[in-house]
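A.B. asks: Top line first, the protein sequences correspond to chains H and W.
FYI, in this note's numbering the residues of the first sequence are 9 to 311.
FYI, in this note's numbering the residues of the second sequence are 98 to 508.
If you're looking for bench data, these hints aren't it; they were derived computationally from the structure.
Mixed in with the good hints, there may be bad ones.
Label-pair distances were calculated between CB atoms; the ranges are [what the hints assert, rightly or not]:
id : chain 1 : residue 1 : chain 2 : residue 2 : range
1  : H       : 228       : W       : 381       : 49 to 57 Å
2  : W       : 138       : H       : 219       : 44 to 52 Å
3  : H       : 89        : W       : 288       : 55 to 63 Å
4  : H       : 223       : W       : 474       : 27 to 35 Å
5  : W       : 140       : H       : 275       : 50 to 58 Å
6  : H       : 275       : W       : 498       : 24 to 32 Å
7  : H       : 178       : W       : 381       : 34 to 42 Å
8  : W       : 381       : H       : 180       : 43 to 51 Å
9  : H       : 88        : W       : 491       : 36 to 44 Å
Idealized CB from N, CA, C, for every residue including glycine.
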Amino acid sequence: MLWHIRFHGRGGEGVKLACRIVTRAGFIAGMTVQDSPLYGAERRGAPVVAFARIADEPILERGYIECPDAVVVMDASLLRHADAGVLSGIDAQTVVLVNSPGQPQEVARSFGIVGHVVTLDVSSLALDVLGKHVLSAPVAGFVARVCRLVPRETLATAVRTELVAAGIPPAAVARNLALAERAFAAAPSVGLPVRRENRCASSTAAESPFVVPHLPPRVAAPTIGAPATSALRTLEGWRVYRPVIERNRCTRCLICFALCPEGAIALDGQNYPVVDYAHCKGCLVCATECPPGAIDQVREDAA
Amino acid sequence: MTRDLLTGNAAAAWAARLAAVDYIPAYPITPATEIVETLADWVRRGEIQSRLVTMDSEHSMLAAAGAAAATGARVFTASSSQGLLYAIEMLYAVAGWRVPLVLVNVARAVAAPITLEPDHNDILAARDSGFLQIHTASCQEVLDSILIGYRLAEHPDVLLPVLVNLDGFYLSFSREPVDIPDANEVREFLPTYEPVHARFSASHAMAQGVAVLGASAYAFFKYQMQRAAEMAETVHETIATEFCRRFGRCYGSVEGYRLDDADLVIVMSNSFSTIGKAEVRRLRERGHRVGLLRLRIVRPFPHKELVWLLGGRRAVAVIDQNLSVGKGGILFAEIASAFQGRPAPPMLSFVGGLGGRRFRPGEFDQIAAAMARAAHEGGSSVPRLLYSAVEYRQVSEMLRIAHHDVPASVV
Numbered sequence: 009m010l011w012h013i014r015f016h017g018r019g020g021e022g023v024k025l026a027c028r029i030v031t032r033a034g035f036i037a038g039m040t041v042q043d044s045p046l047y048g049a050e051r052r053g054a055p056v057v058a059f060a061r062i063a064d065e066p067i068l069e070r071g072y073i074e075c076p077d078a079v080v081v082m083d084a085s086l087l088r089h090a091d092a093g094v095l096s097g098i099d100a101q102t103v104v105l106v107n108s109p110g111q112p113q114e115v116a117r118s119f120g121i122v123g124h125v126v127t128l129d130v131s132s133l134a135l136d137v138l139g140k141h142v143l144s145a146p147v148a149g150f151v152a153r154v155c156r157l158v159p160r161e162t163l164a165t166a167v168r169t170e171l172v173a174a175g176i177p178p179a180a181v182a183r184n185l186a187l188a189e190r191a192f193a194a195a196p197s198v199g200l201p202v203r204r205e206n207r208c209a210s211s212t213a214a215e216s217p218f219v220v221p222h223l224p225p226r227v228a229a230p231t232i233g234a235p236a237t238s239a240l241r242t243l244e245g246w247r248v249y250r251p252v253i254e255r256n257r258c259t260r261c262l263i264c265f266a267l268c269p270e271g272a273i274a275l276d277g278q279n280y281p282v283v284d285y286a287h288c289k290g291c292l293v294c295a296t297e298c299p300p301g302a303i304d305q306v307r308e309d310a311a
Numbered sequence: 098m099t100r101d102l103l104t105g106n107a108a109a110a111w112a113a114r115l116a117a118v119d120y121i122p123a124y125p126i127t128p129a130t131e132i133v134e135t136l137a138d139w140v141r142r143g144e145i146q147s148r149l150v151t152m153d154s155e156h157s158m159l160a161a162a163g164a165a166a167a168t169g170a171r172v173f174t175a176s177s178s179q180g181l182l183y184a185i186e187m188l189y190a191v192a193g194w195r196v197p198l199v200l201v202n203v204a205r206a207v208a209a210p211i212t213l214e215p216d217h218n219d220i221l222a223a224r225d226s227g228f229l230q231i232h233t234a235s236c237q238e239v240l241d242s243i244l245i246g247y248r249l250a251e252h253p254d255v256l257l258p259v260l261v262n263l264d265g266f267y268l269s270f271s272r273e274p275v276d277i278p279d280a281n282e283v284r285e286f287l288p289t290y291e292p293v294h295a296r297f298s299a300s301h302a303m304a305q306g307v308a309v310l311g312a313s314a315y316a317f318f319k320y321q322m323q324r325a326a327e328m329a330e331t332v333h334e335t336i337a338t339e340f341c342r343r344f345g346r347c348y349g350s351v352e353g354y355r356l357d358d359a360d361l362v363i364v365m366s367n368s369f370s371t372i373g374k375a376e377v378r379r380l381r382e383r384g385h386r387v388g389l390l391r392l393r394i395v396r397p398f399p400h401k402e403l404v405w406l407l408g409g410r411r412a413v414a415v416i417d418q419n420l421s422v423g424k425g426g427i428l429f430a431e432i433a434s435a436f437q438g439r440p441a442p443p444m445l446s447f448v449g450g451l452g453g454r455r456f457r458p459g460e461f462d463q464i465a466a467a468m469a470r471a472a473h474e475g476g477s478s479v480p481r482l483l484y485s486a487v488e489y490r491q492v493s494e495m496l497r498i499a500h501h502d503v504p505a506s507v508v
């Protein structure tokens, strides 16, 4: 058997480390494993994907997992953005683990998820125990239990091994251990689908060959034929928190307007700053620099 | 021996550690940076005694690496993509100095346009430099090939530097179980470098890398590199045999998979060959007699071995993860040339995995079908890009956003 688990989250939430703890647990349990993260230009808050392969046979696969047996949604806000590809390649048997306080049926319905949805409010557990939104250890606990990968003791060893290797101080390792075990205990045991073959194996769904045509250089070179096309690339999917300007506290000093690195703050007719949420990437430079503290930070989940 | 989960980058760092390298000139570039970061961390903790120096460019880095190797130090360094290309001038110089060192390249496609994922136009741009080249397919092989690489580079009959290639992302950031041999066992296989030719010693004055003007002298010294590279083939065989005996892992200049009774053979290199093996297994289940040959050592080029293993097959398809613009796949051309004067099987040239492009469903079936046709109709040197209508539509959409129209007739 070869199981494929795909993790989706945001930079800074511990996506890569959660994936590493899960494969480490499989490795300790004597299974063959492989893990890899995928990210482009690294930035906190940007979508990050990581892949775990766990098997009782040699793994003759590498790279992107197109057809996962389980998808781990560490940040439910990503489900709103098709670009993130969170639900790509899933079918009715795919186990979809969502970090959410909602009921599974309700989450499945509101996001149109066809797979077997399991939910756990991992964020609240993490905020409760660690006081910050770092989800690597509890998500690993969530996955280990739901996918029936390893017993609790093996998970604990894996958490300790990976966190120590990542240079986490002993006190924080202990808190994360307790947190992982809480998530493990709170999650249901579901198991992963047993399939005969990787659904995305190339021989199972043939496409016909395609010959790339010769096109004129204006089109064939990486050029942009008109100004302002970057406005079409929206960035709202990058945010964990959004800045909300409280007009009654704003002094119109224009510091936020001047410092916004994306030029995503405009001025209205009375010179009050207005955030363009389609292009605000959620860096919160404005909120940090605002002299009267007139910019609130609101979690996207709650916005 | 310890068995642990290591990325390809960490495996490379471990190999440098086990080789007890003296000197590491460093300059960062994604996706190779983790290698020198790992080594720098060990230096900081006092776990290794190497001297690590950050340089101002890859060009200086290679100059420093070559100069240090000329004094008799064991030298390790790493780069990737644009970084390797920036160092190319010094690669030729260092190889011409005839000093041994191991340089790791973490393959990444070369700009423009820019990307972070792998193909082999970077490492193959260095193919004529005089560096020997080992291309790896797993994290374990990264570690092992660097250790073998030092023995090869330092062998008195060779004395050429070695480039070890590993694919960015697919190996560099992927963790797999890796056997880390004990330092003592490695020391027996790879003792401290005692240079006979290139060394720095006040009591034995010598000059290295001296200026030579005049074609006769140039041609003589240049061709000595060719002679040394030819020697490297048998030297590698001897070293790999010893490595196999000591550590139980055996490497040749090529690796065969389901090759013995194969009528049709797919040739690949590096980490994507792992995926190729799974596809071969799948094609076998459907009754196709297909095998895979992975080219591991690209310099010296294993002509004889390739002719031996590919000759007499019904058809051969080479999947090049590179593009020589105006020619096609680089390895296809090299493999085809090996059959000069001998009967060659019908051969097909495919270009796949450019910029890390993933194989699409059905592509290996298409390749197998094309090979079966070629067995009757003959081969072709015309390169075929592995590409799909789905991708073309996606790119067309990007072009539309960039205010360009793509002919609808081809979409």
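A.B. asks: Out of the numbered hints, which ones does the structure contradict?
C.D. replies: 1, 7 and 9
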